[in-house]
Structures are given as C-alpha cells and as structure tokens.
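Peer 1: As you go down the protein sequences, you meet chains A and B in turn.
Offset between the first sequence (1-based) and the numbering used here: plus 273.
Offset between the second sequence (1-based) and the numbering used here: plus 2.
Each hint should be verified, as a subset may be incorrect.
Computed list of lysine to aspartate or glutamate pairs in DMTMM-like fashion (alpha-carbon distance at most 20 Å, straight line) [stated by the list, open to error]: (1) B/K563 with B/E887; (2) A/K338 with B/E927; (3) A/K338 with B/D267; (4) A/K361 with B/E715; (5) A/K361 with B/E911; (6) A/K338 with B/E887; (7) A/K338 with B/E882.
It should be emphasised that the hints constitute simulated quantities derived from the structure, not laboratory data.
The lines below spell out each chain.
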Amino acid sequence: MLTVPLPNTPSRDEMIDALLLKAEVEAFNEAYARALDEQRLMDWAELFTPDGFYTIISRENYDRKLPVGLIYCENRGMIRDRAFALEKTAMFAPRYLRHMIGSLKVAQEPDGTITAGANYAVFQVLFDRPDATIHQVGRYVDRFERTSEGLKLASRTCIYDSLLIDNALCIPV
Amino acid sequence: MAWRKVAAFEALRDGGVTGVEVDNTPIALFRMGDEVRATHGICTHALAFLKDGYVENGTIECPLHQGVFDIRTGQALCAPLTRDLQTFAAKVEGGAVYVDLKIDSTQPDSGAVAETASAAPAPAAPETADAPAQLPLVIAGAGQAAAAAIRAARAAGFAAPIHLVGAEPHLPYERPPLSKDALSETFDPASATCFSMQDAATLGVSLHLSTRVTGVDGAARRVTLSDGTALDYGALLIATGGAARRLGVPGADLPGVHHLRTHEDARAIAAALQGAKRVAVVGGGFIGLELASAARARGAEVVVLERESELMARLLPPALGAAFRTLATANGVDIRRDVAVEAIAARDGALVLATTQGEITADTVLVGVGLIPETGLAELAGCAVEGGIVVNAAGRTSVPGIWAAGDCALHHAPLNGRRGRLESWQNAEEQGAAAGRSIAGDETARADKAPWFWTDQFGLNIQMAGVPGLADQVAVSGPAAAEGALYRTLDDAGRVTAVVAFSDAAALRAGRAEIGTIFDLEAAGARLVAPGEPHDATSEEEDDMSADPAAQFAKTYVWPKEGLSIIPDWVYTDETIYRREVEKIFHGRTWNYVALECEIENPGDFIRSNVGPTPVVVARAEDGSINVFENRCAHRAAEFCRDLSGNAKEFVCPYHQWSYDLKGNLVGVPFRRGVDGKGGMPKDFKSADHGLKQLNVTTHRGVVFASYADDMEPLADYLGDEVLREFEATFDGRKLTLLGHYRHSLPGNWKLYHENLKDPYHATLLHTFLVTFGLLVAGNKSLMLADPTGRHGVMASAKSDAVVSEDKKKEMRAYKEGMTLEEPRFMDFIDEFDSPWSVTMATIWPNLIVQREMNTLGIRHIVPNGPNEFIMKWTMFGFEGDDAEMTRHRLRQGNLMGPAGFLGLEDNEAIKFVQDGMLGIPGGEHLVKLDPDTEAGTADTLISEAAIRAMYRHWRDVMGIA
C-alpha cells in the first residue's frame with residue numbers, strides 16, 4: 274500500500290508550466306553550484322534575497338528539532354559577511370570542490386511561493402591526496418522568490434546526512 | 003590639510019610606540035625625544051600592528067616576522083619586507099600630538115614637518131673620528147667579514163663612503179651552508195646572503211663586484227682595481243679570505259673532481275651528487291665529513307681518504323678525531339686513514355683514484371683538503387704575513403691604515419701556544435666587526451671572544467667552543483660519538499681547553515664557562531678516552547634492550563634534555579604512547595566528560611558517548627540515577643547500542659539477545675539452561691558476574707563525568723579552586739537547554755587541541771578575522787590560567803569597557819580599510835555571567851573543553867582515535883529562560899565556532915597542518931619556548947607557552963616519562 278497518495282493527473286498546460294518552473298530552478302541550482310565550485314563566494318551571496326535565510330544543519334539536529342547549524346545566516350548581510358570573511362580572512366588549505374545537485378522537486382504554492390527540494394553531494398579534493406572525498410551529502414529545503422533579477426533564494430536549509438565532518442567545512446554547500 | 007589631535011604628548015613614552023586611530027586608519031606614533039613621528043600602524047608584510055613592535059635606533063621592528071622599517075622614512079630595511087611603510091606628518095602643539103593623513107612626512111613639501119623630515123641624514127660622524135676616517139673605507143673581499151665590518155663601522159659612526167670590492171659576482175654571503183644545506187637541490191642561495199642591495203643602499207656602500215684589488219700603495223693610501231679604477235682610502239680592510247687548496251696530483255682538474263669554496267662550487271657539487279653512486283672524499287676534515295654526510299644522505303656509497311693516521315689530526319687530539327670517525331662509520335661511511343692520493347684518471351666513464359692503498363673507483367671526487375689564505379694584497383702592501391696576515395685584537399695590520407679580518411687573518415693571540423687562523427663563521431663576524439669599529443675610531447674594539455665553531459653532519463649539530471691542544475687528554479660524558487655526547491679536552495694541568503657537544507646546545511653553553519677551569523671528572527660523571535679506545539657504545543645498549551618492557555619503554559621514550567621547552571614528535575605520533583595514554587590517562591585517575599544532564603532528562607533516556615576512545619552508554623535509570631557503562635556486550639564484544647540517543651527500557655544486544663538494564667547489569671541470557679537439558683551455560687554461571695563494565699559517575703551543575711577509577715577525588719578537588727570558579731561561572735546554576743550537536747574528525751593528535759587552547763599566542767596570528775574586524779583590541783584584559791597540576795587551563799579575555807560602551811557599529815570598525823561586517827550584531831556580548839571575562843575556553847583534562855565565547859556556549863568532547871586522529875563532538879547549549887531572540891543570538895554567534903566557524907575551521911586546519919608536518923618529516927621536535935620567565939604555569943602575558951609546558955609536566959608524570 275502506498276503511504277504517499279499519487280498526485281492527480283495534471284493537465285498538459287499544468288505539466289508544461291511545472292516543467293518550465295523546474296527548468297528554471299534547475300538552472301538556478303546550476304548557477305549556484307558553479308559559483309561555489311569556482312569559489313566565487315560574493316556571487317554566491319547575491320543568489321539570496323535581502324532577508325534570505327541560509328543554514329547548514331545536521332540531519333541529527335533537524336530530525337530532533339534542535340536548531341544548531343554549522344553555518345547560520347538570518348539574512349543576506351550575514352551571508353555576505355560569511356563570504357567576505359572566507360575570502361579575505363579565513364586560513365584553510367587550498368582545495369577544489371564539486372557540488373552535485375539532483376533529484377529536484379519543485380512546487381508552486383497557491384500564493385505564488387516556490388518551494389523546492391533537491392539532493393546534493395559535495396566532493397572535495399585536497400591537493401596532496403589522490404582521491405576526491407564525499408565531503409557532504411544531504412538535501413536542500415528551499416523557498417524561492419521571483420525578483421526583478423530572476424529567482425532568488427528566500428531560504429535554503431541544507432540538511433546533511435554525513436554527520437561526522439571531515440575536519441572542517443570551509444566552503445558553503 | 004586636516005590636522006587631527008590624536009594623543010597627549012605626555013602619554014607617549016620616549017623611545018616607544020603607541021597605536022592610535024585616525025579616520026579608521028591605524029597609526030603608529032613614535033616619540034623620539036621632543037619629536038613625534040607617525041607611520042601607518044600595520045606592517046606592509048603581514049597583518050600585524052606596529053604598536054606591538056620594538057623600537058630601536060630610529061627603526062621599528064614588526065612583532066610578527068621581525069621586519070624593520072625606518073621610522074622617519076618608512077623605508078623597509080630588511081627581509082621579509084618588500085614595501086615601504088606609509089608615513090604621515092605629525093606635530094606637537096600645546097602638549098598635544100597632531101597627525102595629518104593627507105601629508106606624507108617624507109614629501110619635501112609636507113608643510114609643518116618639512117624641516118625635520120629633510121633633516122634626516124645618514125648616520126652622523128662622531129666628533130672623535132680622526133681625519134683619515136673622513137676618507138673612504140675600501141674593503142678588499144666581499145665576504146662575511148666585510149659585511150660585519152661595514153655594519154660595525156656604520157654603527158660606530160663611520161660616515162665616509164665605503165667601497166666594497168669583491169672578486170665574486172655575489173653580494174656577501176655566509177659560507178657555512180655551502181657544505182650543508184646548499185648541497186640540496188631546493189636550497190635558495192639568497193638565504194645565505196648576509197648583505198643585501200638594500201643594505202648597500204642604506205649603509206651607503208658602493209659595490210665593485212667581479213672585481214679585485216690588484217694594487218696598493220700603503221704610503222699614498224691608494225688602491226687600484228682590476229677594472230682600472232683607482233681609489234684613495236682612509237682605511238683599507240683586507241678581507242680576502244682564501245681559496246680552496248687544490249689537490250696537487252695529476253688528474254685533479256678532471257671533470258667530476260670538485261673543490262669547494264664558492265656558491266658555484268656548491269651548485270656543481272649538488273648537481274654531481276644528484277645520481278652519484280660512489281663518492282670519494284679526499285680529506286677527512288670538517289668540510290670533508292660534511293660532504294661525506296651530504297653524499298650519504300643522497301644514498302651514495304662514500305669513502306673518505308685521510309692522509310693522517312686519524313681524522314682532523316691537525317686540529318684535534320686523536321681521541322676526539324676518533325669520535326668523528328666513529329660517527330661517520332656508524333653512518334655507513336668507509337673511512338681510510340694513512341692513505342695518500344697519487345693520481346686521478348678517467349676510465350670507462352668513472353674516476354679511478356690511484357692511492358697508496360690501491361685503486362678506488364668513484365663517479366664523483368670531492369676534495370676538502372683545506373684553505374690557502376689570500377694574503378697577496380697584504381704582502382704587496384708590506385703587511386707582516388706569517389701563514390696569515392698578522393693583526394692585533396682590533397684587526398690592525400703592521401701597516402698604518404690597513405686592517406685585516408676573516409679567513410685571511412691570523413688570530414691576534416696564540417691559541418694554546420699556536421699562532422693560527424680560525425676558519426669559522428664566528429671569527430669572520432668577530433674580526434670583521436672589531437676592524438669596523440676600530441676603523442670608525444673606536445679604540446676599545448677587540449675580537450677576543452672564545453672561539454666557537456659548528457659542523458652539521460649525519461643529522462647531528464656538533465658545536466665546539468675553545469681551542470683544543472693536539473696533545474690534550476679527552477674526557478667524555480654521555481654516550482660516545484652519538485647524539486648527546488659531550489667531550490672536553492684537558493691540558494696537562496687538567497684545565498678545560500675546549501668543549502665539543504654532539505647535538506646538545508645547552509650542554510655547550512654550560513661548558514663554555516668551564517674553559518680554563520680545572521675539570522673534575524668524577525663530579526661531571528665523565529671518563530677519559532684513551533686515543534685507541536673504540537667509541538662504539540652500541541654493544542652495551544643492545545644487551546639492555548632485552549630487559550623487561552617497562553625498562554625498555556623508559557629507555558625508548560626519553561624526553562629531550564632541554565626540558566619542557568622541547569616536545570618530541572613521538573608524543574603525538576607514536577602508537578605505543580597512544581595506547582599508554584588510554585591506559586594511564588583516559589582509563590586512569592581522571593574525570594572524563596560524558597554528557598549533559600539535559601540530554602538524559604527522563605528515566606530511560608540514553609546517549610552514546612565515549613571515555614577516551616572507549617564507547618560507553620550514558621543512561622538514566624528508573625530511580626533517576628545516571629549510569630555510565632561500556633558499550634560492549636559481555637558475551638562477544640558487540641557494540642550493541644547503535645542509536646546516538648533515545649529512550650529505552652533495557653538494552654538488548656542484537657547478536658544473541660543478551661539483555662542489560664539501564665544500569666548495565668546483565669538481566670537475561672537466552673537459553674541459559676540449554677534446550678531439552680542440553681547445552682546452555684555452565685551451572686555456576688552467575689549473571690551478576692557478567693554485567694557491563696560500569697564506571698564511576700559524578701555530576702556538577704548539569705555536567706556528567708565518568709571515571710574508570712573507583713576512588714576518584716571529588717570533581718571540585720579534581721578541578722581545583724581556580725578552574726572550578728571558571729566552570730561555575732559558565733554553569734551558573736541555570737538549567738541547561740540543548741541546542742544541538744556538531745561532530746567532526748580531526749586528522750591530528752588529541753593533545754594538540756588542548757595545546758591550541760593553552761596557546762594564546764595563536765589567537766591574533768591565526769585568527770585574522772578577529773583582528774581584521776577589530777574584535778581583539780588593545781586593552782583587552784586577558785589571562786592564561788593553568789591549574790596547580792598543569793593539566794587544566796582557562797584561556798580568558800574580556801572586552802574592554804571602553805569598547806563595549808561605544809556605539810556597536812563603531813565597535814566593529816575595520817582595521818583594514820574597507821572591511822566591515824554588514825551584520826555586526828552577531829558579535830554583541832550580552833553580559834549574562836558573573837565573571838570579569840567575556841570569553842573563556844576551559845581545557846578540562848583529559849577530554850573536555852568548555853567554550854564560553856561571549857554568548858555562544860558549547861561543550862567540546864574529545865574522542866581520540868589513535869595517535870593521528872580524534873573526533874570532536876560538540877554539544878551546544880543555552881539556558882532555560884532564554885527567549886527566542888536570545889536563542890537566535892546564540893545561534894548567530896555560533897558562526898564563530900564549530901567545524902565551519904570563522905575561528906573554528908582555522909583551528910582545525912592548523913591542527914591538521916601540524917600533524918601533516920610531523921608525519922611528512924618525522925623524528926623532529928616542537929619548540930615551546932615562549933615566555934621563559936614562567937617555566938610552567940599561569941602566564942600574565944599572551945605571548946606565552948607556559949601553560950603548554952605545565953600540561954606536559956603533568957603528562958610526563960602520569961605517563962612515567964622521565
């Protein structure tokens with residue numbers, strides 16, 4: 274027996290609207306991943322709305338409704354501070370990262386808000402190790418807003434499954 | 003033009019430096035008598051505040067990397083600086099100091115200060131300088147003695163021009179590295195340079211490189227150079243050094259035969275050693291042995307050919323020469339004595355040496371048979387030369403107006419009855435400086451410090467002070483011809499003539515004082531070495547190694563002689579040490595953090611935790627008691643509890659369903675009595691004997707500790723008064739609420755985390771975030787507390803009142819222009835504690851860090867996992883009664899710490915770097931020498947490692963490491 278009911282069969286127009294919206298969010302996520310992969314953190318910060326919320330929280334905490342996050346930003350100012358500090362002051366070994374985003378699911382609420390979810394995996398390469406390690410896997414829980422500059426994140430909660438972090442998380446996910 | 007009042011003149015210490023700020027620009031103010039100078043406050047090399055620097059002779063030395071700037075001009079005077087410092091106009095009016103950022107004080111049109119700025123001249127000539135000193139100084143030879151002479155002459159006020167004439171194309175450089183580091187491919191020749199272009203400019207020196215002094219007229223005081231230039235001099239310093247003695251046999255000029263004196267020689271030898279399989283070294287002196295050592299380090303077979311019957315027979319008594327021979331032999335060098343090379347021939351792509359002991363084949367021949375001093379110029383000038391240029395203690399030769407120094411000059415006095423030259427770094431420095439001072443008119447100049455010399459070979463640094471007589475007796479203490487060996491040479495009256503220490507700088511320093519005194523063999527635990535006696539000490543040691551494990555441990559793990567200021571790598575990387583730490587520390591007499599009570603509030607609540615590496619379960623039983631027991635089934639060792647936390651009525655091992663109650667007692671064993679009367683446990687099996695290993699438990703203010711020791715002292719006694727006070731300042735009686743966890747694994751030794759928080763030195767150096775945004779400001783009160791045992795510590799600092807009372811936004815002012823936080827409120831401190839400190843990091847031995855970083859509060863629980871890795875589990879908490887905004891404030895501030903924290907991630911990376919460094923290049927040691935005034939314990943300065951030393955005093959005690 275199914276525990277989640279199948280959705281009603283949508284109309285063709287509804288399906289096209291949904292596909293277009295999904296393509297738009299997909300394109301957003303690609304730009305998001307690219308900004309992080311290329312470590313353009315100030316560009317990354319601009320993908321959020323001015324009151325955009327961003328946190329990286331362990332699945333352990335999320336499931337137990339404990340609020341502590343690895344990174345906890347209540348607005349774009351804090352996101353910019355994070356980006357600025359990482360670029361200008363933080364000391365960490367150089368590294369390459371790849372953000373893979375997949376299994377996207379998008380929904381538009383009756384009030385126009387776009388909610389989305391996706392799985393992510395972040396590969397990390399340190400220069401003195403042969404292997405790319407899976408630095409973090411998890412999922413995004415997102416809320417988008419449509420602005421004059423296109424879609425922006427009003428909220429992104431990154432819920433990571435890989436509870437035991439390998440040393441440090443230097444670049445956002 | 004905007005003069006800004008920045009300070010009261012009286013507030014500035016004469017000869018000191020003070021930091022102020024003008025329009026968000028940090029400024030360093032220097033009071034020099036009645037005058038005040040202003041420069042930018044931040045070093046041009048790295049982010050460091052010059053107000054913390056060191057002022058000397060009109061210069062400011064940066065506290066971080068010892069770069070030196072001229073205060074008046076801002077000129078960068080030495081490496082590592084590459085950019086000059088910005089200077090600003092400053093003036094004193096009506097007792098106040100004014101600065102104008104718009105005016106560069108070094109500009110000629112800089113208004114009010116133009117007069118004083120342009121009056122900044124080269125060092126003035128002293129009034130006592132006699133007339134000839136006004137004429138130029140010409141220095142023949144551009145080596146280390148020349149560089150020392152220039153510096154000393156200028157420092158003593160010599161104001162006339164200086165001409166430096168050198169045959170090599172290089173600026174003066176030091177030669178000791180040539181037979182050591184310079185033989186490695188990665189050596190940077192610049193690192194040996196002891197006189198830079200910058201120095202030449204600053205000290206007013208005209209360079210004539212690739213040029214020789216070819217003629218001299220001592221009466222007319224004139225020299226001619228190889229390029230035809232004629233120079234009149236007031237003083238001539240001959241520092242021409244010498245040339246490598248060539249091997250005077252047929253074939254000595256063949257390719258593949260190398261002599262060593264210059265950079266180019268060293269490069270050629272380095273290239274030859276690359277891929278050399280068989281190396282013959284001709285000459286068993288210090289240079290020969292260093293070359294042999296370098297060749298061995300590259301894996302080559304090495305034979306050393308020495309003409310005399312013992313190594314260094316013309317420098318050292320035979321018994322001491324034998325010590326060097328023993329060391330070389332132990333490192334795989336084939337030493338042949340009483341052998342002379344008669345010819346070298348190239349045959350079949352190899353070099354064949356015909357010797358008095360037969361033929362030797364090699365692909366590279368390195369010759370180290372001594373130095374011929376370059377005295378031709380001195381002889382031309384009519385100076386007395388007796389195997390070296392004769393000089394007095396001030397470096398004057400027999401001809402007025404001519405001085406000599408360095409390898410080409412004799413020592414001014416006979417040494418143990420012998421007149422000789424000292425071919426050493428120290429002698430070049432000493433004689434050069436004495437000559438320089440004397441040339442500047444300082445009649446007190448003398449080069450008469452006790453001779454000192456060092457050689458690096460076969461991984462040891464061997465230093466010698468004094469001059470041994472060839473017939474002296476030799477006494478040794480410590481091991482023979484190995485690290486830690488200490489030799490003394492004794493004249494026939496029993497007085498010490500020289501001290502030779504094998505990799506023991508402290509012993510050498512102490513030994514210097516013995517020179518000239520009668521030596522007491524017995525009191526020093528030394529013995530005399532007969533010339534023919536074998537130095538091999540290894541045979542005794544091998545017998546002892548079969549002794550019992552405890553003796554073997556004590557023998558293997560010996561703390562360095564220097565004491566607490568050195569920590570050997572094996573403390574952090576050795577598996578045996580790690581296993582002993584688990585036994586003696588985590589399972590020993592310690593209270594280990596395991597949980598917060600708020601994680602297990604109700605009966606049946608449990609969490610998985612660890613005591614050291616050992617997995618335990620912390621559970622609250624029906625009677626409300628807190629119980630800690632090993633997470634290892636008494637039957638087949640399964641780690642049965644797998645959930646991070648939860649609520650249970652009992653614990654059942656999934657493998658064979660053995661069940662335990664919430665206190666760890668064994669309750670049920672399936673089929674204990676077998677089936678149908680067959681099988682089952684023995685009849686005498688008692689469940690009570692097979693419960694889980696239960697630990698001693700105590701709690702304080704909501705924090706749960708466990709111990710393997712049943713008779714532990716109360717926690718309050720364990721912590722001691724001072725640490726308990728800080729613990730209770732954080733855990734102030736309010737009920738804790740759980741905010742969440744982080745977990746990460748760190749590729750480093752667990753003790754490095756303690757050390758990081760007993761090391762206030764790193765805070766402003768590693769964490770530039772704090773400095774960049776002005777979060778660590780001058781006047782912050784701070785403390786690095788160590789408890790009387792040394793195992794616990796508290797690093798504490800307080801935001802200064804002045805800063806707190808200021809407008810919050812302003813408080814976040816950037817020290818680097820243009821760097822401000824958009825959301826500075828996350829750095830607010832809400833003073834909720836009864837404590838003078840806004841930040842405390844308590845390191846509670848062995849596995850707990852209590853973080854009170856303003857309002858973000860957390861437990862850091864260390865779980866070691868072998869010597870090279872540990873897991874850190876963070877438990878962040880708040881207090882009952884926190885409103886939603888207070889909780890959010892704690893969460894916002896949490897961005898500072900944790901695996902992704904602005905500060906936290908840097909600590910993690912630094913610890914990884916340290917472990918990587920030890921694993922990459924093992925067998926080394928760490929320096930923890932800061933703040934020698936406090937040997938170990940609480941420090942009243944942040945530039946201190948006294949708390950780390952205190953921890954290791956305790957650690958060694960517990961570990962039984964003498």
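Peer 1: Taking the earlier hints as the rules, which of them does this structure contradict?
Peer 2: Those not satisfied are hints 1, 2, 3, 4.
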